[in-house]
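Please take these sequences and the hints and turn them into a complete structure.
These protein sequence lines are chains A and B, in that order.
So for the first sequence, our numbering puts the first residue at -3; every next one is plus one.
So for the second sequence, our numbering puts the first residue at 2; every next one is plus one.
It should be emphasised that the hints constitute simulated quantities derived from the structure, not laboratory data.
Errors might be hidden in some of the hints.
In silico DSBU-like pairs for lysine-lysine, Cα to Cα no more than 30 angstroms straight-line [what the hints assert, rightly or not]: (1) A/LYS31 - B/LYS133; (2) B/LYS72 - A/LYS31; (3) B/LYS72 - B/LYS147; (4) A/LYS31 - A/LYS(-2); (5) B/LYS133 - A/LYS(-2); (6) B/LYS72 - B/LYS133; (7) A/LYS(-2) - B/LYS147; (8) B/LYS133 - B/LYS147; (9) B/LYS72 - B/LYS22.
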Amino acid sequence: MKCRDIRWMLSLYDSGELSPEEREIAETHLASCEKCRQELARISGVPALIQSLHGDTWWADVSSSVREQIGASVREGAPPGTRQARADKKGVMTGVPGWRPTRIGSLAEAFLERPVWQRALVIVAALFLIALTILVVIRPWQYGDISQMVLASAQNNAQVQSILGESEAETDVLVSDGIAGVRFSTADMIVSTMVNVEDLRVMSIHVQALTFLPPGPSPLQPELTEDEKVKAIAIAEGDPYVQIFLSHGLTLGEPTSSHHVLGADTRRVAWLPLEEDMLTDDYRGVVVNLNDTEDVTIVWGGELPGWWPFTQ
Amino acid sequence: MATLVMEKPQTTDLLRSGDGKAWEDLVLEYQRPLSRYLYNMVRDEELARDLTQDTFLEAYQTISRTQGEIKLKSWLYRIATNNAIDALRRRKLVSWLPWTAETPVPRAPGRLEDDICRRESVRDALGKLPGKYRTILLLHDYQGFKCYEIGEMLNISLDTAKKRLARGRGMFRDIYQRSERG
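Dropping the structure here:
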């Protein structure tokens, strides 16, 4: 059993949540693996740290406001979940004094009572408004520009497959291969990008900037086995890590090994598994920490690669 | 610790019937832990207060759609978690601050100050975790839910919950240790 296969068991080792079989596997491994014993010691203090939050004194007393809103409904005799008892997000109760009932129901009735030609006219007008909205707000013809922008910086064999949508805050792009990018300027808002790599495995990534690799072979390629290719790199919003996704098993070592200094760059690159729900025998991931300034654990060595998009 | 005992059926029935006393008891019992949980999720007192209120109102609106006996605590935390994640997502869309260097927590002498500083460091480290890891650490290590309960609550498999917890703890430890050294 490899270390990475039992690492998750260590977190549950002391909480009684391992099955007897899992516990036996963990105990057997721990007895012979100093590194995992150290890891167990490292993470065993985490629950106590989190539990220290119980020392907080702040809490929100919402009893009077909830009582007021629920109580009004109860006084009206309306059980929970009924139309009369429903509250909107602002806490305004239906069925109580001061509530303005929705007119959708009466409008629908009036609509159905109209002659057929009038109903058809209303439907046509509605469809026209929807089409107008698509043309004015979504502006689908602009997608072509984004495709060109993505292709200009993508790898030679990359092709933009489709762009799912564009809004002020989000742009979803499907790319057939390679990584990298484009920095969408959307009034300082984050950009949400979806990358579809060669194997059509769609990764939904919220990124502040997605950067495509420049044309040419992957800079990680010399370190990888024959079939491996870098597939995607992403910065998750609010996440201190940059994630690099590879096409095949990552064989560069455990997170604490394979330490090489990368020029003057003092940032850490730490190998960690891909998201557990995406992890398979063939797919491993890399997590690069941009912010660590102490332990340099960059794995590919040499000069700062030209493709590295995050200048110091 | 999480209550594993199924709620008494009559409690659920009373809530479904709109019994004012039952709802008041529910709010009084859970508002404190729920609001603290939400505060640690969103790190904003006003937002946590609103989310706590929304959680109870949503519970009131939707309890009639539940059937049979329900675990009220898990159910409330599921609503609260979804509301918090939605709120964080909305907040991301309207404001974003670039990742910056660690903000050192001011150190003050004394045990009480140390406790407060440690809690702030813990909260800082939690805040730097991706939402799903923050959620599972708070539900498991702070609120005392077991992995199988969290799996049901978040609609993920038991295996995923266990692995997510393990990875979350590892990431938390890394971030926390760096802030301690800083």
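The hints, checked one at a time:
A distance of roughly 27 angstroms separates the Cα atoms of A/LYS31 and B/LYS133; the hinted pair therefore holds under the 30 angstroms criterion. With a C-alpha separation of about 40 angstroms, the suggested pairing of B/LYS72 with A/LYS31 is violated against the 30 angstroms cut-off. Among the hinted pairs, B/LYS72 with B/LYS147 is consistent with the structure: their alpha-carbon atoms are about 13 angstroms apart, no more than 30 angstroms. Simply put, A/LYS31 and A/LYS(-2) have alpha-carbon atoms about 11 angstroms apart, close enough for the 30 angstroms limit, and the pair holds.
Simply put, B/LYS133 and A/LYS(-2) have alpha-carbon atoms about 26 angstroms apart, close enough for the 30 angstroms limit, and the pair holds. Of the supplied pair hints, the one linking B/LYS72 and B/LYS133 holds, its CA atoms being roughly 22 angstroms apart against a limit of 30 angstroms. This hinted pair checks out: A/LYS(-2) and B/LYS147 have alpha carbons roughly 26 angstroms apart, not beyond 30 angstroms. Of the pairs offered as hints, the one joining B/LYS133 and B/LYS147 holds, with about 16 angstroms between alpha carbons and a cut-off of 30 angstroms not exceeded.
Our distance criterion of 30 angstroms between C-alpha atoms is met by B/LYS72 and B/LYS22, whose separation comes to about 19 angstroms.
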